[in-house]
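Novice: Residues per chain are reported as follows:
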Amino acid sequence: MKNQRIIQIFRNSLTIFIIGFAFQVYSQPIFTDNVTDSVSITYPTVGASNPNFVYLSPTSLTFKWTSGNGTGRIVLASLDSTINVWPADKATYTANSSYGSGSSIGSAKVLYSGNADSVTVTNLNSNAKYYFWVIEYTTVSTYNYFDTQYFLKTATYTSLPDLDGDNVPDIDDVFPSDPLRAFVTTYPAVGFGTLLFEDLWPGIGDYDFNDLVVDYNYSVVSNGDNNVVEADYTFVTRAIGGDLHNAFAFQLDGVQSDKITTVTGTKTTGVTWTTFNANGTEFDQPNHANIIVFKDAYDLLPTSGGYWFVNVDPNAPDVGTDTTKIHLTFIDNGTAPSGGTVSTAIMDAAAFNPYIIVNQQRGKEIHLANKIPSDKANLGFFGTVNDNSIPGIGRYYKSYNNLPWALDINTSIPYTKEKVDFLQAYLNFSIWAQSNGLTNPDWYIDMPGNRNTSKLIIR
Amino acid sequence: MNMIRFFIVIGIALILMVGACKRTSIERNGEIKPQQSFGGLKTSDKFNWNTNSELMIQFEGNQTDPRIAALKILDDNGHIYYQKLQKAKESFIAKVIIPSHIQNLRWSYAGKFEKFNPKTGKIVVNLQP
Chain A
1 MKNQRIIQIF
11 RNSLTIFIIG
21 FAFQVYSQPI
31 FTDNVTDSVS
41 ITYPTVGASN
51 PNFVYLSPTS
61 LTFKWTSGNG
71 TGRIVLASLD
81 STINVWPADK
91 ATYTANSSYG
101 SGSSIGSAKV
111 LYSGNADSVT
121 VTNLNSNAKY
131 YFWVIEYTTV
141 STYNYFDTQY
151 FLKTATYTSL
161 PDLDGDNVPD
171 IDDVFPSDPL
181 RAFVTTYPAV
191 GFGTLLFEDL
201 WPGIGDYDFN
211 DLVVDYNYSV
221 VSNGDNNVVE
231 ADYTFVTRAI
241 GGDLHNAFAF
251 QLDGVQSDKI
261 TTVTGTKTTG
271 VTWTTFNANG
281 TEFDQPNHAN
291 IIVFKDAYDL
301 LPTSGGYWFV
311 NVDPNAPDVG
321 TDTTKIHLTF
331 IDNGTAPSGG
341 TVSTAIMDAA
351 AFNPYIIVNQ
361 QRGKEIHLAN
371 KIPSDKANLG
381 FFGTVNDNSI
391 PGIGRYYKSY
401 NNLPWALDIN
411 TSIPYTKEKV
421 DFLQAYLNFS
431 IWAQSNGLTN
441 PDWYIDMPGN
451 RNTSKLIIR
Chain B
1001 MNMIRFFIVI
1011 GIALILMVGA
1021 CKRTSIERNG
1031 EIKPQQSFGG
1041 LKTSDKFNWN
1051 TNSELMIQFE
1061 GNQTDPRIAA
1071 LKILDDNGHI
1081 YYQKLQKAKE
1091 SFIAKVIIPS
1101 HIQNLRWSYA
1111 GKFEKFNPKT
1121 GKIVVNLQP
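Residue numbers (the working numbering), protein chains in the order written: chain A, 1 to 459; chain B, 1001 to 1129.
It is worth saying that the hints were derived from the structure and are not from the lab. Built from N, CA and C at the ideal position, the CB exists for glycine as well. Treat the hints with care, since some could be wrong.
Stated by the list, open to error - Simulated restraints on C-beta separations:
1. 1042/B to 307/A: 33 to 39 angstroms
2. 1058/B to 307/A: 17 to 23 angstroms
3. 1103/B to 64/A: 45 to 51 angstroms
4. 284/A to 1103/B: 43 to 49 angstroms
5. 452/A to 1126/B: 43 to 49 angstroms
6. 1077/B to 80/A: 28 to 34 angstroms
7. 1091/B to 64/A: 21 to 27 angstroms
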């Protein structure tokens, strides 16, 4: 029986010795087909190398390589799994560069057979991993004899669909048909945060942290280059627990004014204590863009019912809240301003630097602890009364006891009633603070034991 | 007469003292200051009073992976805390600010995702299976 041969294969350097049923041993590579018809085969000794992919679409690519020294080569590909069956000598395989249409060899599909050095493959899955092999062969008498020792093995991923061509895959693109916009990142990620200010800096206040209470939320739209296109800020002024007519502003640390095209929505009509650039940012702020949100909190929330303050006494009329929406355009319809673009890596959450301008005295700013002042801040206040700011080491707006004048809570929380110490309302705050933030990091969340609601204004 | 003068002087002094006390307890048009317990807090110089914490992300690129996709940090409800377009073949390190109270987060990239505990302070994103 011709098929009942026992074949033993030995590899010795570059030579294969095949012993047919005639048990003849040859000194040169030999395949013995049968007793009467023996063929001498020299197997390839140099495999393909230097794989390279050119990605044409999420479902097609061109696979290139440097050929070895076979008379031809077969190219196989397999989705998500490595090859598990080897091509058989003398077998006939149908090649088709449309993945899945050619012959199967185990899990692999035959894409190409011939002597070229590239193949363009179609009908691939997007966002999928494919393994590729290039196996050299020697053709003798129309039969291919595959080299099992020298071959090229590689793998790649196909890309993801991108309708608008901004390099952002549609599954990630909030604006899949707008090449100028791709992502929207919102801070805080959920709802609003709350800013709480004490306004007697550099003196110590009463620590009810309600002299000005403003909720905030902002969304940054960015493009496929990870540059900021526009940003929308919403500020909800909720309470005024002091009699100073404070202004509210924010600085974008590291973002220069000339990187902003326009600012709209501010409530600064009638401001006499500062001036503005044509784009709406504050004038004479050379290092960081500053946006004056409103000039006087009392313009937004006037007193009512004969009370001194607004919304901090439960017996006083509820004046409601005021919402200020500010829009910043950075890249206008694809055109960057004179200062160039701003990376999202620069304008991250840390860049947001809100502050009040005490009684509209321009140089008197109160920022969050360790946030840098604007270029208009009067540095002469630092180190006076209770302030222990030391600009040289980056210490700002902290007292000698390391206490702040402002708090930023990453979710909207109720504020204290007038005259109520913050610690009486937020029962685990002191534990959090004195543990340097390690214990009770959720002190502000509405959970049992965190709040004394009788001390809070909850509306 | 001397007694009368004495009581007048004492009376004036008392009035002045009461007035002085009133000025120290009533500030800024009548905003009465409560006792300060907040003022007694003792914290480290390094404490920033921040309700957010920093998370370091290390993305390990894979030279053979041509994909470009958004790397995102999300919570269990799908709220996004960080995102950027990232080439799979390029490595990078970024600092992400997340709320301190968040317990569970996950990163996602091109359909792959992995949960992690943000308390570790650092995560390594590796796309290899």
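Novice: Looking back at the hints listed earlier, which ones does the structure fail to meet?
Specialist: 2
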